[in-house]
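*Asks:* Okay, here's what each chain looks like letter by letter:
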Amino acid sequence: MAERSDSEEVKLLGMWASPFSRRIEIALTLKGVSYEFSEEDITNKSSLLLQLNPVYKMIPVLVHTGKPISESLVILEYIDETWRDNPILPQDPYEKAMARFWAKFVDEQIYVTAMKVVGKIGEERDAVVEATRDLLMFLEKELVGKDFFGGRSLGFVDIVATLVAFWLMRTEEIVGVKVVPVEKFPEIHRWVKNLLGNDVIKKCIPPEDEHLQYIRAHVIVSSCVLSLGFV
Amino acid sequence: MATEDVKLIGSWASVFVMRAKIALHLKSISYEFLQETFGSKSELLLKSNPVHKKMPVLIHADKPVCESNIIVQYIDEAWNSSGPSILPSHPYDRAIARFWAAYIDDQWFISLRSILTAQGEEEKKASIAQVEERTELLEKAFNDCSKGKPFFNGDHIGYLDIALGSFLGWWRVVELDANHKFLDETKTPSLAKWAERFCDDPAVKPIMPEITKLAEFARKLFPKPQA
Numbered sequence: 001m002a003e004r005s006d007s008e009e010v011k012l013l014g015m016w017a018s019p020f021s022r023r024i025e026i027a028l029t030l031k032g033v034s035y036e037f038s039e040e041d042i043t044n045k046s047s048l049l050l051q052l053n054p055v056y057k058m059i060p061v062l063v064h065t066g067k068p069i070s071e072s073l074v075i076l077e078y079i080d081e082t083w084r085d086n087p088i089l090p091q092d093p094y095e096k097a098m099a100r101f102w103a104k105f106v107d108e109q110i111y112v113t114a115m116k117v118v119g120k121i122g123e124e125r126d127a128v129v130e131a132t133r134d135l136l137m138f139l140e141k142e143l144v145g146k147d148f149f150g151g152r153s154l155g156f157v158d159i160v161a162t163l164v165a166f167w168l169m170r171t172e173e174i175v176g177v178k179v180v181p182v183e184k185f186p187e188i189h190r191w192v193k194n195l196l197g198n199d200v201i202k203k204c205i206p207p208e209d210e211h212l213q214y215i216r217a218h219v220i221v222s223s224c225v226l227s228l229g230f231v
Numbered sequence: 001m002a003t004e005d006v007k008l009i010g011s012w013a014s015v016f017v018m019r020a021k022i023a024l025h026l027k028s029i030s031y032e033f034l035q036e037t038f039g040s041k042s043e044l045l046l047k048s049n050p051v052h053k054k055m056p057v058l059i060h061a062d063k064p065v066c067e068s069n070i071i072v073q074y075i076d077e078a079w080n081s082s083g084p085s086i087l088p089s090h091p092y093d094r095a096i097a098r099f100w101a102a103y104i105d106d107q108w109f110i111s112l113r114s115i116l117t118a119q120g121e122e123e124k125k126a127s128i129a130q131v132e133e134r135t136e137l138l139e140k141a142f143n144d145c146s147k148g149k150p151f152f153n154g155d156h157i158g159y160l161d162i163a164l165g166s167f168l169g170w171w172r173v174v175e176l177d178a179n180h181k182f183l184d185e186t187k188t189p190s191l192a193k194w195a196e197r198f199c200d201d202p203a204v205k206p207i208m209p210e211i212t213k214l215a216e217f218a219r220k221l222f223p224k225p226q227a
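Chains as they are written, first to last, in the UniProt record's numbering: chain A, 1 to 231; chain B, 1 to 227.
Derived by calculation from the structure, the hints in this document are not laboratory data.
Note that beta-carbon positions come from the ideal geometry of N, C-alpha and C, so glycine has one too.
Incorrect hints may have been included.
[As the list claims (entries may be wrong)] List time: in silico EDC-like cross-link candidates among lysine to aspartate or glutamate, alpha-carbon distance up to 16 Å:
| # | chain 1 | residue 1 | chain 2 | residue 2 |
| --- | --- | --- | --- | --- |
| 1 | B | Lys7 | B | Asp93 |
| 2 | B | Lys187 | B | Glu132 |
| 3 | B | Lys53 | A | Asp134 |
| 4 | A | Lys67 | B | Asp144 |
| 5 | B | Lys149 | B | Glu196 |
| 6 | A | Lys202 | A | Glu25 |
| 7 | A | Lys104 | B | Asp105 |
| 8 | B | Lys63 | A | Asp92 |
| 9 | B | Lys63 | B | Glu32 |
| 10 | A | Lys96 | B | Glu77 |
[As the list claims (entries may be wrong)] In silico negatives: residues of chain B with every beta carbon more than 12 Å from chain A:
| # | residue |
| --- | --- |
| 11 | Gln35 |
| 12 | Phe99 |
| 13 | Thr117 |
| 14 | Pro150 |
So that you can see chain B by itself, here it is in the shape it has in the complex (with noise of 0.2 Å):
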């Protein structure tokens, strides 16, 4: 297909325009990124995503496409013949991928994000325990896809490594944040070994923000109360 007109509505700390930032790296896409601006949403954004004013918003010769996974699966289809491709071949390995991203977004990710805003001791234990539990469910997820392959995927990064992978930078803000290690060589020893490689992807290293400057946003984010 014909490089046409791509832009990308996003913000460099989103863990869900990352999502699309690989995608479109893994199939040499070129793009404008526009950036948004912490704090208000552009009218671009609100026009090209009138029902939830979210990013990321991918936008292919003037038509918007919006929801991170639905815009991974795009790419993945309307550059069908250009780079790898993104969601495995076989019908049961696509199923097995979309529910564990579903689970990631559902299930995990609220898990994490409620470390990042417990009141109090108590709760932040609470939602460590829960992460930890579901982490594991994680390793086992990762086993049972890479059938020893390198990644969930196989031998390349596909939709489920993109879907978790995105998260890695936020995941260790919330581990600095929570004193607690969760990707660990004894407790999830392939998924700790997964992160490494994942970030060494040529189609994630260049875009894989600093944690030290994730770290500061996420205080902005997510401000302590005062002592």
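Only chain A is shown next, with the shape it has when bound in the complex (with noise of 0.2 Å):
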């Protein structure tokens, strides 16, 4: 793990496959902000983390000038606040309420329902994905006539539910379900298009191959998934 350096003003403490903390990478180099990476092995925390985040002990922590900073929605809203380039929020109050609630929904709703996916068969499994679906349906309307959910660029809902876009779709393959069919979800679809021709969120996100290697691997222990694939 790389050593805590005193001249580095923004480090993040996160893991290569969680979602949380990959949501953190995309709106920092959408602000051009450098910052320094701290691989955490979840498996094995380091006393940095620990020490970072004693409520939750979990990734992604963000320091700033020596100050920790955790959960991801809240570090999200800090970045905007404290680097004012390419506004990630809305500047209307209503826009940004709007974006809130989203973003709340996606990690609230939607992430905990598809979790449950996993490690289920038959009618089990047919529930949570009919649950998952219902769900969907409210960001699927939601992106009729955007290019984003942030409209016409890349905003904090689209970051939010990069989890959506590749996690819970590239999860599919491997629990060989569709849980989002492209026939019910056509703008679900075109807006993971439009997520992959911006070029941070290219950069940002886990590398496919790998990627799926990991999630096979977790899901295989799938009642482990939960601690181990997304902290």
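Since each chain comes alone in its own frame, lean on the hints to assemble the complex.
*Replies:* Here it is, written out as structure tokens:
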């Protein structure tokens, strides 16, 4: 693990396969902020991580001028308020409230429900897939007439919803269920293509082959995937 | 910003609705309160919050805003030239306030609630212990955030005060139900004093529900199994 250097103003404790860690990297990169990345072994957490995030003991943790911030949505807002170039959140208070609403929806509803697919079979699995699709339909409707959730360019909700585009949808290959079929979710598929056309996204998401290998390895130990794959 | 048509859909007993009310009072915003009937959801609620179908919903110039902490931030930003600031001004302090507000909802509230829904004494004891532990963290958070001032937000009540303070009525109900004091001058000296100050605040006092009314409502929501 990299030594902590006082000359580095911005440090990110993260994990290469975590959607919560990658979204911070996307935000920092979009804003042109240099940072030192420290890869955490989440099966063997460093004393630094435990010291900087004693409440949850989880990545990501952003450290800026020596002060730690935890919880990815909190970190994203901090980044947006501290580095003002290329704003992530809209300026208008109503649009901002909507962005916060959808981001929370992705993390608290879609992510939590979709994770239940792993380790389930048959009718139980079908029920979870149905529930996930019902939730995804809200996002599908939000995308109508837009290139991104943020409008013409990437915004807060797009960054957060990369969890859907590059984690949920990549897991489909391994669990063998098309949770997000293109016939039901044409807007979401179009949006994923738009994301892949963005250089920052391409640079900051986990490389596909390695990522699929990682997901495969951890889905087999299905009951552990919650703590190993998506902390 | 001109006072436009402002409505709040909610219920007198809801902690989350109370957050929105306090924020509106702090900013001296007039609003129409639409009380939901217990046991049913109005057409307007279902139409304004189709995703969660829950209150509170703030409707400002016909546009609905949902989720209590999001509503509080919206009120602060939409009426940023009136009344005191609800969020702290420095990005780091804002991050800390948001962190703890999320902790209160995701961790602390869940364990508080589980005291009321506990099946049997063992489960109740475990929930009580968990609330004790989590309240200790909040005591420390208060000392860190307030830096010797009366509120989490400093001199005036703010986002994090509202996030936790809105629970004070229900917290008292749980203390009575569990026969256990959480807010205590010896265990949580800072929070105990803060709680009194919060409840006395002019933006809070007129809208804090009566404990006896809440306790009665709690018995309806969380009926005890027949002996």
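*Asks:* Now, for every hint given, state plainly whether the structure supports it.
*Replies:* The hints, checked one at a time:
{"no.": "1", "hint": "Lys7(B) - Asp93(B)", "verdict": "30 Å, violated"}
{"no.": "2", "hint": "Lys187(B) - Glu132(B)", "verdict": "9 Å, holds"}
{"no.": "3", "hint": "Lys53(B) - Asp134(A)", "verdict": "15 Å, holds"}
{"no.": "4", "hint": "Lys67(A) - Asp144(B)", "verdict": "13 Å, holds"}
{"no.": "5", "hint": "Lys149(B) - Glu196(B)", "verdict": "14 Å, holds"}
{"no.": "6", "hint": "Lys202(A) - Glu25(A)", "verdict": "12 Å, holds"}
{"no.": "7", "hint": "Lys104(A) - Asp105(B)", "verdict": "13 Å, holds"}
{"no.": "8", "hint": "Lys63(B) - Asp92(A)", "verdict": "13 Å, holds"}
{"no.": "9", "hint": "Lys63(B) - Glu32(B)", "verdict": "14 Å, holds"}
{"no.": "10", "hint": "Lys96(A) - Glu77(B)", "verdict": "9 Å, holds"}
{"no.": "11", "hint": "Gln35", "verdict": "23 Å, holds"}
{"no.": "12", "hint": "Phe99", "verdict": "5 Å, violated"}
{"no.": "13", "hint": "Thr117", "verdict": "20 Å, holds"}
{"no.": "14", "hint": "Pro150", "verdict": "24 Å, holds"}
Violation of the numbered hints given earlier is confined to hints 1, 12; the remaining hints are satisfied by the structure.
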